[in-house]
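Participant: Chain by chain, the residues:
Number of protein chains: 2
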Amino acid sequence: MDKISLEDKFSLFEEQWSPRIVAESNGQLVKLAKGSGELVWHSHENEDELFLVIKGKLTLKLRDREIALEPGEMFVVPKGVEHCPLAEPDTHFMMIEPASTQHTGTSKTDATRELEEQPWI
Amino acid sequence: MDKISLEDKFSLFEEQWSPRIVAESNGQLVKLAKGSGELVWHSHENEDELFLVIKGKLTLKLRDREIALEPGEMFVVPKGVEHCPLAEPDTHFMMIEPASTQHTGTSKTDATRELEEQPWI
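Top line first, the protein sequences correspond to chains U and L. Numbering of the first sequence is given in the working numbering, commencing with residue 1227 and proceeding in unit increments. Numbering of the second sequence is given in the working numbering, commencing with residue 1227 and proceeding in unit increments.
To be clear, the hints were calculated from the coordinates, so they are not data collected in a lab. None of the hints are false.
The list treats identical chains as one, so a pair stands whether inside a single copy or across any two.
Under the rule of at most 20 angstroms between Cα atoms (straight-line distance), these lysine to any residue pairs were calculated in the SDA-like manner:
#1 Lys1283 to Met1227
#2 Lys1229 to Arg1289
#3 Lys1229 to Pro1345
#4 Lys1305 to Leu1255
#5 Lys1229 to Pro1304
#6 Lys1229 to Glu1292
#7 Lys1305 to Arg1289
#8 Lys1305 to Glu1292
#9 Lys1229 to Asp1290
#10 Lys1305 to Ala1325
#11 Lys1283 to Gly1298
#12 Lys1229 to Leu1312
#13 Lys1229 to Lys1283
#14 Lys1334 to Ser1244
#15 Lys1305 to Pro1324
#16 Lys1281 to His1318
In this text the structure is predicted, and so the values were computed from the model without any measurement.
Model the full structure from these sequences, guided by the hints.
Facilitator: This is the structure:
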């Protein structure tokens, strides 16, 4: 494996809310995604989900509060906790989560990207 | 849990090669460390180790090549692969690894920090 430049990887795609996989470590996948607007309320029954914002602003709406993340800020959404990501235009962020994680949990929408639709770049 | 600002967390310690824990996700620990100079050759038999550089320059010396990481660049050292971290002064980086990971593998030195010596901040 070579080193991974986040900037280089983000330059390879434009689609919003469509994670790309850049690395695997201990059975977890490191994913990069761009977001704009709101995704959908969902939870992951068995997986914690780590978010680290690289550019822009990503708000993780929880049922009882909102976590607003700017570049260099991270948050772990614990397994089972409902959340709805909301991003300013052209927000870039990293996620680290087990390969078993469903993109939008059981909340399937047109925006849902199954793991097979999350290419390695 | 609240959100985690990497900059705020890095402001809380100065010791070199002494990881601090800032989060747990799926049994893996997110650690922040500062480095300067060379640590020691070691490997982790059962754990991959993810490095992401935030500031400065971290070179991961491998037996057959060197991976030089600057801010925004990452690398996963696969389990069992010998490596020796070498950092420019005041380099800041993140590591993500299972809680079982020994700091310097079986290469214990004065610089080794056991998990009990890696405080949560």
